[in-house]
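Top line first, the protein sequences correspond to chains C and P. With my numbering applied, the first sequence has no gaps in its numbers, which climb one by one up to 310 at the end. With my numbering applied, the second sequence has no gaps in its numbers, which climb one by one up to 360 at the end.
Careful, some of the hints might be misleading.
[As the list claims (entries may be wrong)] Rough simulated footprint, nothing fancy, chain C against chain P, three-plus residues with beta-carbon under 8 Å:
1. 143 to 152
2. 313 to 324
[Said to hold, decoys possible] Which residues of chain C face chain P? A partial, calculated answer using Cβ under 8 Å:
3. VAL9
4. SER90
5. VAL117
6. TRP227
7. ALA231
8. ILE267
9. PRO268
10. GLN270
11. LEU271
12. HIS307
Since the hints were made in silico from the structure, they are not lab data. Note that CB positions come from ideal geometry on N, CA and C, so glycine has one too.
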Amino acid sequence: MTLGGIDLVALAAMLMVASTPILLAAIGELIAEKAGVLNLGVEGMMIMGAIGAFAGAVITGSPAAGFAFGALAGAGMALIFGFLTQVLLSNQVATGLALTLFGLGLSALFGKGFEGVRPPATEKLDFGALADLPVLGPVLFRHDWVVYFSLAMVVAVWLFLHFSRSGLILRAVGENHEAAHALGYRVVAVRMAALAFGGALAGMGGAYLSLVRVPQWTEGMTAGAGWIALAIVVFASWRVERVLLGAYLFGGVTVLQLRLQAAGYAIPVQLLSMAPYVITIIVLVIISARHRHGAQAAPAALGKTFHASR
Amino acid sequence: MIRLIARPAPSRFWLWATPVLAVLATMVAGAVLFAALGTDPLEALKVIFWDPLLGANAGYFRGQLLIKAGPLMLIAAGLAVGFRAGIWNIGAEGQYIVGAICGAAVGLAVYPAESVLIFPAMVVAGALGGWAWGMIPALLKNRFGASEILVSLMLVYVAQNLLAWAAFGPLKNPAGFGFPGSRNLQQYPSAHNGELIAGSGLHWGGVAALAALVGTYVLMSRHIAGFRIQVAGDAPKAARFAGVAPARLVAFCLGLSGALAGLAGMFEVAGPSGQITDAFGAGYGFTAIIVAFLGRLNPIGILLAGLLMALTYIGGDMAQLMLRLPAAAIQVFQGMLLFFLLGFDLLTNYQVRFGGRVGA
Chain C
1 MTLGGIDLVA LAAMLMVAST PILLAAIGEL IAEKAGVLNL GVEGMMIMGA IGAFAGAVIT
61 GSPAAGFAFG ALAGAGMALI FGFLTQVLLS NQVATGLALT LFGLGLSALF GKGFEGVRPP
121 ATEKLDFGAL ADLPVLGPVL FRHDWVVYFS LAMVVAVWLF LHFSRSGLIL RAVGENHEAA
181 HALGYRVVAV RMAALAFGGA LAGMGGAYLS LVRVPQWTEG MTAGAGWIAL AIVVFASWRV
241 ERVLLGAYLF GGVTVLQLRL QAAGYAIPVQ LLSMAPYVIT IIVLVIISAR HRHGAQAAPA
301 ALGKTFHASR
Chain P
1 MIRLIARPAP SRFWLWATPV LAVLATMVAG AVLFAALGTD PLEALKVIFW DPLLGANAGY
61 FRGQLLIKAG PLMLIAAGLA VGFRAGIWNI GAEGQYIVGA ICGAAVGLAV YPAESVLIFP
121 AMVVAGALGG WAWGMIPALL KNRFGASEIL VSLMLVYVAQ NLLAWAAFGP LKNPAGFGFP
181 GSRNLQQYPS AHNGELIAGS GLHWGGVAAL AALVGTYVLM SRHIAGFRIQ VAGDAPKAAR
241 FAGVAPARLV AFCLGLSGAL AGLAGMFEVA GPSGQITDAF GAGYGFTAII VAFLGRLNPI
301 GILLAGLLMA LTYIGGDMAQ LMLRLPAAAI QVFQGMLLFF LLGFDLLTNY QVRFGGRVGA
């Protein structure tokens, strides 16, 4: 199946891969924001995950260990953010920015010796006969474990938020931290855990970029993926099933513009590369306009500093 | 047990003591970082902070100081006004790039004509370009409620692609043997933003930065608009009751910071940088955010913070050359500085009490 010189099956298969880093980071950020913390440092956590995973995989020779290192690096960054905003009560917007600037610098510093190195390959899972199905096989059953992990995470987070007691506490903390505190819930501890989880997923998203999607280490390789993940959480109105939709939509746009570049249309490459960012803005505008006068979808305590006076 | 008690008003002492403390803490943490990288930490600190100011070749570097500090101060002056009002323009880098493209485009369009009107026209085009790029998030926020943080940031990536397109396409030097990049404006007298006093590093961008700092100082402390901006940031509800129109405030703050960032880009492309290339955006727009915070969103503070940040750029280049420190070390350094500043700000807004009973 081709359309305008573009193979649609290959496009759909690439879409799954291209979307995974943003999807992982956006799920993580969703949990943090549901707990009432706005962490604008996703880009910084992702890039630290990217270099942490890359270094880990190259040194140990195991991509799985690499992903673990990536998750740890991301979580470590998130804990710096958590310490500053939850313990030292700093402004979340400014601290998130600082985290991104710091992460971009620190990753470049660590990455000096890893430029031009090839990481060990992450194997695709073997689904046997399923992989040979027409259309569905290449699109759904020829990926590595991280793609399925990210999809399982969507389900797990949905179940957690809707059907578990801890999920309810997390949401309570995000909606009204004063009330949650008065009920005896430990607001700061819940938020730290949510941040660490979000950081670990952002780190894995970055790891997927450097170990699978590219696979190589280059300075600043996340190129705004973290910010797009933040936008997707808004786009999704803080609902995890819509995060999936959003991430795949943006993955689709990214892949499509890459294919258009390769197909040799007479559009300058740089103008095509703008597409994911421009479309992020357009979608953000549409969603914001829809929620303008309706019910506010954001957690009520999002971005507010919590200081227990009693 | 350590307890924090919110201060009724921020402590004036700590407001100015925390930046100093943050700089010192960053130096200590930086020394640890340098030691970890296998460089003599004291030597590194000396090369970065001492030599450019008072070392053997300091005469040359002092000029560089103003060249680097100019755009930082110019951008930060505008950002600080918005940050005071709680309007987060974090896309100054994009506005800086678009200002440079617009300014350079006007100059290149009339090449090789010579006229005293060309440079002023470029200045206007640069400011308008940055203003327009800043007004996009303002408009989208006012009309549709879209977050200005995300929109302005996304526009940085759009601007970077626009820059690459301009450098390879419409603004490419026709006499450049196919190399990307525009004609060099330094070799075009009517468009060149040269040094005003030889060796000082002062070009029109530096003058504009000082004017912007004075202007925003007057605005914030002597003008009703400044008072409204302040109130809107400190107490948004009170501001609304007092008749401050939030939409106009958003447009004003983003437009102003966009125009100033655009100016900075235009002065840079016509002066020290000389040409539009795809590597033109060097991160001034992001560093200016640190400058604005380190300067406590105050014009005098921004002046000092801008000079300090410029020093880390120059010292960082020196350290790269002489000690083989990676360029990224300075970026880490700047990030840490902002961390320490934000962390120590606890002391500005809260009293720390040790011991004591709960409820005392």
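Quick rundown of the hints versus the structure:
Closer than 8 Å: that is the beta-carbon criterion, and the region 143 to 152 of chain P has 8 residues meeting it against chain C, so the requirement of 3 holds. With a cut-off of 8 Å between beta carbons, the region 313 to 324 of chain P has 0 residues touching chain C; three or more are needed, and the interface restraint is violated. Taking 8 Å as the C-beta contact cut-off toward chain P, the hint placing C:VAL9 at the interface is violated, the least distance being around 29 Å. Evaluation of the C:SER90 hint against chain P yields a held restraint, the C-beta minimum of about 4 Å falling below 8 Å.
For the restraint placing C:VAL117 at the interface with chain P, the shortest Cβ-Cβ distance is roughly 17 Å, beyond the 8 Å limit, so the hint is violated. Taking 8 Å as the C-beta cut-off, the interface hint given for C:TRP227 holds, the closest approach to chain P being about 5 Å. For C:ALA231, the interface hint holds, the least distance from its beta-carbon to any beta-carbon of chain P being 5 Å, beneath 8 Å. Checking C:ILE267 against chain P by beta carbon gives a least distance of about 10 Å; that is not within 8 Å, so the hint is violated.
Evaluation of the C:PRO268 hint against chain P yields a held restraint, the C-beta minimum of about 5 Å falling below 8 Å. Taking 8 Å as the C-beta cut-off, the interface hint given for C:GLN270 holds, the closest approach to chain P being about 4 Å. Because the beta carbon of C:LEU271 sits about 6 Å from the nearest beta carbon in chain P, less than 8 Å, this interface hint is met. A cut of 8 Å between beta carbons decides the hint on C:HIS307: the least distance to chain P is about 6 Å, and the hint holds.
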